[in-house]
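Student: What follows is the residue order along each chain.
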Amino acid sequence: MLEARAGAALARALTALDETLQARRQEIAGEIEKSLSLLQIQDQLRALGKDLEANFRASFASSFRARAGQATAPRVYGDGSAKTELSLVDDEQVAEELALQVLANRLQGACEAEMHDLEPRVGFMLGRDQLDAPANPLGTTALCEALHDMCVTLDVARDDKQLLLDMLVTEFARELGPIYKEINELLVARRILPLGRPWVKRARQDRRGAKRPESAERRKDVSGIIEQLFMPYADAAADTSQGRSDWHASGTGQEVMGMLTSLQKGATSAALGNRTFTLNPTASGTTNILNSLLQAGLGKHLGAVEGTVIDVVATLFDYIFEDERVPVTMKELIGRLQIPVLKLAMMDHSFFSDRSQPARRLINTLAQAAITWEGELTTDSWLYDSARNIVLRIQKEFADRPEVFAACLKALEDDLADQERRADERAAALTGRLEQREREEIARTVGQNAIAAHRDNAELPASVRDFLAETWLKVLARAALDGGETGAAWGEACATMEELVWSVRPKTDAGERQRLVQRLPPLLKGLRSGMEAARIEQAAREAFFTELVRLHAAAVKAGMAPAAGTRARVAVPDDGPLLQAPLLPSGPKRAAPAGDEPRETFEVEMLRRGDWIQLTDETGEVRRVRLTWISPARTMYLFANRQGQRALALTRGELVRRFTQRQAMTAGDDALMDRIVDDVLDSYQNPEERPR
Amino acid sequence: MSDPATTRDPSETIGNIRRFLLAAEALPSPKGTALRFAELARDPDAGMDAMAQVIRSDPALSGFVLRAANAARYGGGKPILDLNRAMVRLGVNAVRSHALAVSLIRDGKGVRCARFDYDGFWTASLLTASLMEALARRNNEFPAPDAFVLGLLSRIGRLAFATAAPGDYAQVLERDAAGGVALEVLEQRAFGFDHHELSSVLLADWGIPTALADVVYWQCDPEGGGFAPESRPYRLAGALQLAGSLADYCLAPAEHPQDAGTVYLRAAVLEVPAGEIAALTEASLADLRDWLRLVGLPVPATPAPVL
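So the protein lines, in turn, are chains A and B. Quick note, in the numbering used here, the first sequence goes up one by one and the last residue is 692. Quick note, in the numbering used here, the second sequence goes up one by one and the last residue is 307.
These are computed hints drawn from the structure, not numbers from a lab.
Listed below are several chain B residues computed to face chain A (Cβ distance under 8 Å; list not exhaustive):
#1 A204
#2 A213
#3 G224
#4 Q258
Below, computed lysine to any residue pairings styled on SDA-like, alpha-carbon distance capped at 20 Å:
#5 A:K525 - B:A274
#6 A:K525 - B:A254
#7 A:K181 - A:G123
#8 A:K474 - A:S529
#9 A:K557 - B:D221
#10 A:K525 - B:H256
#11 A:K557 - B:S231
#12 A:K557 - B:P273
#13 A:K525 - B:P273
#14 A:K525 - B:Q258
#15 A:K557 - B:E271
#16 A:K525 - B:P257
#17 A:K265 - A:A399
#18 A:K525 - B:E255
#19 A:K557 - B:V272
#20 A:K557 - B:A228
In this text, a Cβ means the ideal position worked out from N, Cα and C, and glycines have one as well.
Could you put the whole structure together from the sequences, leaning on the hints where they help?
Tutor: Laid out in structure tokens, this is it:
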């Protein structure tokens, strides 16, 4: 990005410079020598403008690579090429290097603020704790080197080259600040030290006004900051016993510690010597009371080391109070630890050098817990409550034994671990629910696919389709959820569904009705167990079973054999109270007479209840009997006499035999009358046959 | 002897139904008290005293009539001991039906079919009769006494097979016990007709209204009988199937699992809720115990059916 943006800026700088030279030439038109010199420079400038951006990118890339791979600037100036052999350094080379550094410093000065932010970020990316300006691959020195390399090729005198480069840098410097600013924004957007390094800013604003030497193990946390600021004194104090200060054991030290302890326990004022130190009780919780004590003259009662200690501790709390990530409520709690921490640091200087020091870890943990708190950290939250208890305990218990910090740290870490464990459990439960919901959705889809064909089948009763789409879908989904589509429950649920669909269709013959009777018990059992497994509400179950009873009755009735029209004409005698409704037996078992059966079979077949037949026995006696009943399978014929008494019962075969042998014939009452009339008429037509 | 259940040619045996009629004299039939009572019932000149006299000649029947007349379902509140009044309260037809049942069962002696469960047959027949009576009373569509008789005799054809052809029918029953083939099919293979048809023939032969004989025949498939939808014969055939299946299932559910389906379906068609089925079954089982004590049959343990 830098090379592209810088290349474009450089092109604009060249254009501007060309215009400046042109104007300058016009101004000094009378001075031939100067004008020619400017013309020559202008000519070289335009030559430089050819393929400017590409050349710049190539040159800058070289400078960048040289720095990105090494910790310090590698370039040896002279003839424009890097020297790998030892050689004497001539004056010209030194002058050129110095001139280049001057130009680089000029650029650096034009964008100091931006470079200040950029250097630590570039160092962070390169994994270097310290990165000075010449070593910065994106720095102004690298840019100047690239410009220098481009100008080296110009065919002009060394002084003119230097002049041209000088003018170009001057013009170029105007555009460089926004470019570096944009680069910083880009890095921030990519989370490269987005908040910068506050200790650096603090160091620049520090009232001592001098940078502290940096440790090779620079820390990003607040305790690391303290370490950096306190290092010179901590090192000096290291000469004492294991970093432990003896000052606090002295008389003055004990007085100061007593005064601090008094303030720690809630006093708003405390005397030290002939002075009284008063705290503003209405001050906010984030007021740096250590600064207030310093301003009130506490420093006069302290030695050099202790003065630095309170200064550093005050700075520590400044940073905490300024850190926007830490909620105010937590800052106020941490703020109450100012005096205890100061006392601890005075007692034990390892506070600054030991990263595992419990008080440091406690403050870090409090701050970190608050930073990672989602939403507003209110005073009724568990974290606030836990932190407040810890602070109160330290205020109350800490005198000169630092173990209370370790105990409080453990209590806080236990609380945090417990909350994290609960959070993990809640998260696990939520994850489980989500997974379960997903499985349920899949199972429901599988169920919907299974019922799709029946749901859209308009021939099925609407109540069954509704039942499948709503209730049985839940059963199928439950079965799919429990054992998948290959499980027994799924197979049973699908089979039950198919049985249900079949059961409500019209049953058109006795075989189907018989099959329905046989399949009903397992069907009902399957429906009950399926709905039980899917926890269908009892009311819904009962409502469906009530509807199913109706549907099954309708399915059976829909298959009723049609009434035989020929039977309807038969006058059925009123045999009693049960016969008020007409009886229309159709006789499905009745075999139709075959075409080659004798005529007598047909005559028997044509017999109807109520018909009269004439029977002649072996002796020639004639009886007239009335057919009173034909068995449903037409295997038996019952006859009665005029009195209604049973006359005889004949099987079908016997009756056919009698018709065949003329021992039986139809002989209704009307036929007898017809015969008599016919006989009378015949006698009149044939007088010779008339009885005399 | 060949196996009649598998080798008999139906065409040879169809004509032989007559021999079952000819053998009907050996069947239990209305006689004695029942026959005399039936004759009086048809005699317009016969008075209630004459009928009571017939009943009195049979102490067991007398006691049963009095007990029935005093039962709550006949509206009895104040106990009565007068047979005349008992008959009035029960109705002549009811008394006749009960007399018939007693006589049929008492007279069931003669040739024995080895595999035929006579006690079981009559127990099931009595329960069927009692259920039919209860259904008739509930639906108020049929005279309860007629329904009782119809239930009692609805499977008389089985008894006729066992009486007229004890050896052959024993083999049929043995095959039936082996399972796999319906009894009706085995009967048709052996004799050319099944007990439904034989029952209907016998009833017609005994002078039972032929319309009822048709109903008895079609009880196995009421929808197949060509009855008019919702006609009384259709509903009567359905009630008969319901009562018979319910009786079989109550007495031996393990042997008749399919009867649960029949009961469900017939109750659905007749629109009898499951709760009422349970109630009338319980009442009929109580009646059954009375009947079995009257006729001297063992009282089986009959748990309430779970359908």
